[in-house]
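A.B. asks: Kindly generate the complete structure, drawing on both the sequences and the hints.
Sequence lines, in order, name chains A and B. Quick note: the first sequence uses this note's numbering, first residue 1, plus one each step. Quick note: the second sequence uses this note's numbering, first residue 1, plus one each step.
Simulated from the structure, these hints should not be mistaken for lab results. Cβ coordinates follow ideal geometry from the N, Cα and C atoms, glycine included.
Covered stretches of chain B, going by a simulated chain A footprint (3 or more residues, C-beta under 8 Å):
no. : region
1   : 170-182
2   : 197-207
3   : 249-259
To give a feel for the contact side, a few chain B residues facing chain A, derived at Cβ under 7 Å:
no. : residue
4   : L156
5   : M276
6   : Q283
7   : Y464
8   : A597
Listing some non-contacts, in silico: residues in chain A with all C-beta distances to chain B over 12 Å:
no. : residue
9   : T60
10  : G123
11  : A360
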Amino acid sequence: MSLTRRRLLGGGLALPFLSPFRPSALRAAPLPAAAPKRLIVVHLPQGTVLSDHVPTGSETDFTLPFILEPLAAFQDRIITIAGLDNLMPTYNEVGNAHQNANFTLYSGRPFYVQDSDLLSPGGETVEHTLARRISATTPYLRLDFAIGGGETSDGIYNPTEGAYFWAGPNDPVSFFNDPLMTLLRLFGDGSVSPADAWAQRARRAAVLGGVLQSFKTLRRGLGGEDRARLDAHEEKLLELEKRVVNGTGECSAPTLSLPSGYRFGQDDDVSAPLMIELLVTAMSCDLTRVSTLHFANGHDPTFPWLTSENGGKPIVDTSQYDNWHAVVHADYQPGMEHVYRWYHEQLATLIQRLHDTQDADGDNMLDTTCVLAMSEFSSGRHWNNALPALLAGNVGPATTGRFLNYMNGSVEDLEAKSGYLNSGFSTNQLFTSLLRAFGGDDAGFGYSDETTPTGDLPGLLDG
Amino acid sequence: MRTFPHLVTVLSLGLAACGDPPTTAPADCVTDEAFFAAQAAPLLSAQCVTCHVEGGLAGGTRHVLVPFVDDAALAENMARLGALVRDTDDGAALLLQKPTGQVPHVGGARFDTLSPEYAVLHELVARLGEPGACEHPGEAPPTCEDGVIYPASAPLRRLTDAQVKHSIMDLVGVELPDGLFPATTSGPEFRTFANNNTVTSAGVEGVMLAAEHVSATMDLDTLWACGADEAEADCARRFLLDLGERAWRRPLTAEQAALITRFLDAGVEPREAAQMGVELIFQAPYFLYLDATPGEAVPGGERLDDWAIAARLSYFLLDTTPDETLRAAAAAGQLRTRAQVAAQAERLVSDPRVVRAVLSFHQDWLNTWRLDNASRDATLYPTFDDETIDAMRTELDLFVSEVVWSGDARFETLLFSEWTWVNAELAAIYGLPDPGEGWSRAQLDPSLRPGALTRLAFLTGHGYAASSSPVKRGAFVLEELLCQELAPPQDVNMDLPAESEDAETIRERLQQHWTDASCAGCHTRIDPLGLSMEHYGATGEWRDHWESGIPVDASGTLDDPAGSFDGAAEMVALIGGAERARACYVTRWAEYALGRAHEEADACSLRVVQRRFEESDGDIRALLVDLAVTDAFLIRATLEETP
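C.D. replies: Here you go:
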């Protein structure tokens with residue numbers, strides 16, 4: 001029996017009548033046998049060094065280059081892709097190069113309106129589409145984790161220019177970025193007894209029911225953007241109410257050890273494994289089916305933990321460059337590749353943790369999870385073409401252990417044209433394939449017209 | 001203004017000869033062609049063609065004209081503009097918004113929306129969109145005649161985190177700790193803007209946790225003041241209905257009252273029901289959002305009702321929920337006239353809590369969010385740490401509150417005052433003697449440290465780990481002091497030429513990219529302004545020499561306002577002395593107050609306040625009162641109800 005507002009209010013409020021488990025009837029409809037159960041999108045900001053990123057060799061016999069090397073142990077579990085174009089920035093009239101790339105990449109659409117005061121993508125991002133399909137019955141529609149991104153009072157990072165993921169226009173996703181706050185929010189502090197927890201849930205459900213009712217009365221008389229804003233708020237409340245009513249089930253909190261002097265806004269080398277641990281634990285308990293992991297310090301990090309990898313030289317030589325952003329902006333600078341490689345080391349840690357963990361059904365998590373990792377640029381010089389992408393784990397019908405090269409010519413050819421070399425294959429095609437890998441019958445994703453390639457990414461799912 | 005009389009004749013004759021259907025136009029009809037030749041062409045020729053021409057600075061845009069050399073050029077340009085207006089989604093809007101600086105325009109703001117030039121452009125766009133009219137089709141642009149209202153938008157926006165905290169303190173005496181209510185996003189736009197206060201999935205849980213914290217820690221016995229002979233249920237009801245009315249900032253409807261007391265009515269124990277009611281009150285949109293109730297109809301819009309005005313005034317000026325005096329005024333219908341609103345605004349501006357709004361505005365205006373993640377090169381700045389940043393923020397707050405609250409509150413003082421506040425660490429950066437423990441007021445050399453732009457928070461925020469940033473500093477002056485929106489570079493190579501034998505200093509490196517036309521449009525204006533502040537290093541410390549040992553050259557010139565300068569004091573004097581800078585400051589305050597970017601319909605309101613700001617010799621506190629009585633603040637466009 002689940003707790004409903006009607007029951008709670010009509011039933012004289014006998015509080016502790018909650019069921020501790022989620023009714024199985026609420027579980028999602030079964031996916032096709034081969035389809036992954038869950039999705040993790042890992043965002044690696046500020047491009048890469050393509051010459052160290054694109055594998056050499058054939059589709060099935062290829063060598064991982066320096067940046068992808070950390071994934072060697074999982075070479076048969078990944079699909080590495082080169083040469084996808086994000087065509088959407090060309091449709092925009094306003095915004096800077098980062099807003100153009102960041103807001104359009106996963107939404108697959110130009111801005112909602114061409115107004116520099118109201119920059120926002122034209123629709124939800126692809127992982128949100130999937131969340132609504134595969135994660136609607138889990139306690140959290142989605143969970144979003146950031147590594148770094150500044151320290152706010154509530155441990156939640158609200159990106160501005162670096163907003164990659166959106167629940168809809170004007171509705172950016174925010175991220176947990178304080179490991180301790182995340183632990184507390186997702187797993188509790190163990191101070192509430194089970195009986196009290198039930199009472200708390202019943203009471204919360206009752207209050208939230210009233211709050212939702214107040215939204216209905218206010219909405220009268222509102223129009224357009226205002227109504228959309230309120231709708232978006234209400235949607236989040238409904239999700240919270242559902243989580244309160246159904247409970248989050250049993251989930252043992254991971255143990256986190258934090259070094260003294262740790263600063264979650266800056267110490268990404270410490271934060272990355274902690275956030276990965278929190279993410280994998282949360283998903284193993286089926287708190288959600290869709291997560292993002294976002295390296296949020298894309299502008300000012302100095303990566304002091306990589307100095308030794310770089311022969312003792314700082315990655316960001318501040319006598320020469322103002323910050324990391326300025327480094328990636330320049331033509332290739334020695335040392336940059338260590339950062340991108342480090343990102344992939346963290347990706348390897350995530351894949352390893354999935355590989356070592358069973359989910360709530362007893363299935364191996366890597367076998368049942370699709371991981372997508374990509375950047376908004378192929379080079380920090382704001383190149384929107386020839387983006388690399390990486391898929392890992394369960395990619396539906398797609399065979400893993402492959403290198404798919406869609407590039408139009410070589411990396412040198414791309415360099416010669418300063419990045420202006422379209423491949424004819426788009427990120428929107430990749431996202432179409434992603435939706436199909438999860439059993440969707442999507443004809444496409446995002447914006448398209450007669451000039452854009454359509455459909456899925458040829459050779460990905462059928463290869 | 002030059003006219004092209006011969007072209008009018010030619011075009012008119014040409015038309016008549018075309019054998020078109022007999023025209024029924026009146027004899028005094030001003031044809032599109034006549035209008036274009038007589039009014040639009042001189043304007044376009046003077047303002048646009050320099051850049052918007054093949055090979056010109058804007059030759060790569062969608063808006064490219066040919067020089068107005070002959071009749072063919074006239075017809076060609078009219079055809080091109082017609083196509084731009086009719087065949088592109090946003091062509092008409094951009095033609096109006098770009099030259100008035102409402103959207104970024106590399107060529108800057110050429111004229112404002114109240115100028116005769118704008119009226120011509122407005123008519124041109126209307127005519128091109130609807131060819132064949134004799135007169136200006138469609139609505140005319142604002143002319144700011146007395147009695148005419150130009151209602152502007154009032155987007156639904158959530159209270160900021162600080163406004164929620166202040167309100168909860170004032171309503172139930174609870175100090176909300178950090179870590180619960182979702183933090184307002186800090187970034188380039190004012191914190192009051194709707195997009196900085198979006199409620200996300202993680203945030204909505206924080207709202208709930210905050211409300212639960214309030215209900216668990218409030219002193220209910222004191223709050224509900226339940227008499228010995230009163231039933232607890234009655235006390236709970238009285239308390240909830242009173243709190244609901246104050247927190248939701250207007251009398252409750254029967255439906256709202258029932259919502260707040262629903263737990264009591266369902267038989268929940270009174271104390272518990274009071275707590276649950278409090279949680280509901282603080283999570284409801286009536287508390288969290290401003291400006292959601294329809295008001296009294298006026299032409300083209302609606303006037304906010306007394307309760308909405310009370311809330312707007314209070315959150316704008318005191319950053320908290322309306323006090324008893326405001327509520328009484330609203331209840332008595334005494335926020336109807338401008339005089340009544342002004343009287344309340346004057347009262348609020350005399351309340352010390354106005355400093356909260358004043359600080360919020362100046363922190364956002366001066367971009368202190370840029371300090372959020374700031375770090376400095378450990379070799380060059382070994383003592384720089386988070387405490388340094390906190391101290392810089394404190395200094396700026398003390399400086400601003402001294403100018404606006406305890407000082408003369410003049411814009412000029414904000415820009416030129418030689419006074420500041422320092423602790424030991426900041427005194428060292430300024431090169432002042434050690435003041436000992438705590439904070440001390442300190443006098444600086446006004447020729448070296450004039451006002452807010454030479455305070456450490458601004459200079460550090462607009463600097464890098466090991467160096468200054470003349471580009472960030474100069475762009476600030478253009479965008480925030482002169483309201484010249486800059487178009488962000490898109491596909492251009494933004495790399496600064498590296499240090500070399502030819503370019504040892506930042507000035508020389510910057511000058512190298514002035515030769516690139518795509519950079520020069522903005523950077524020939526940005527860079528001299530920023531370079532004027534080159535005597536201040538990455539943490540705002542004074543320096544006579546650049547890193548390379550070459551003496552700092554902080555000289556430059558600007559075309560508009562026209563003048564030359566050497567160093568920040570002369571630059572600030574040139575800019576700060578310009579009427580445009582005072583007008584821009586007013587515009588930014590209006591945006592903070594309205595919670596949105598300014599728009600065309602604000603023009604008349606802004607003009608009134610800008611004029612009064614001139615008359616008051618830049619009195620900032622008077623400016624706040626003047627803003628509160630504008631149409632932009634009191635009236636909004638009618639809400640379009642969608643079913």
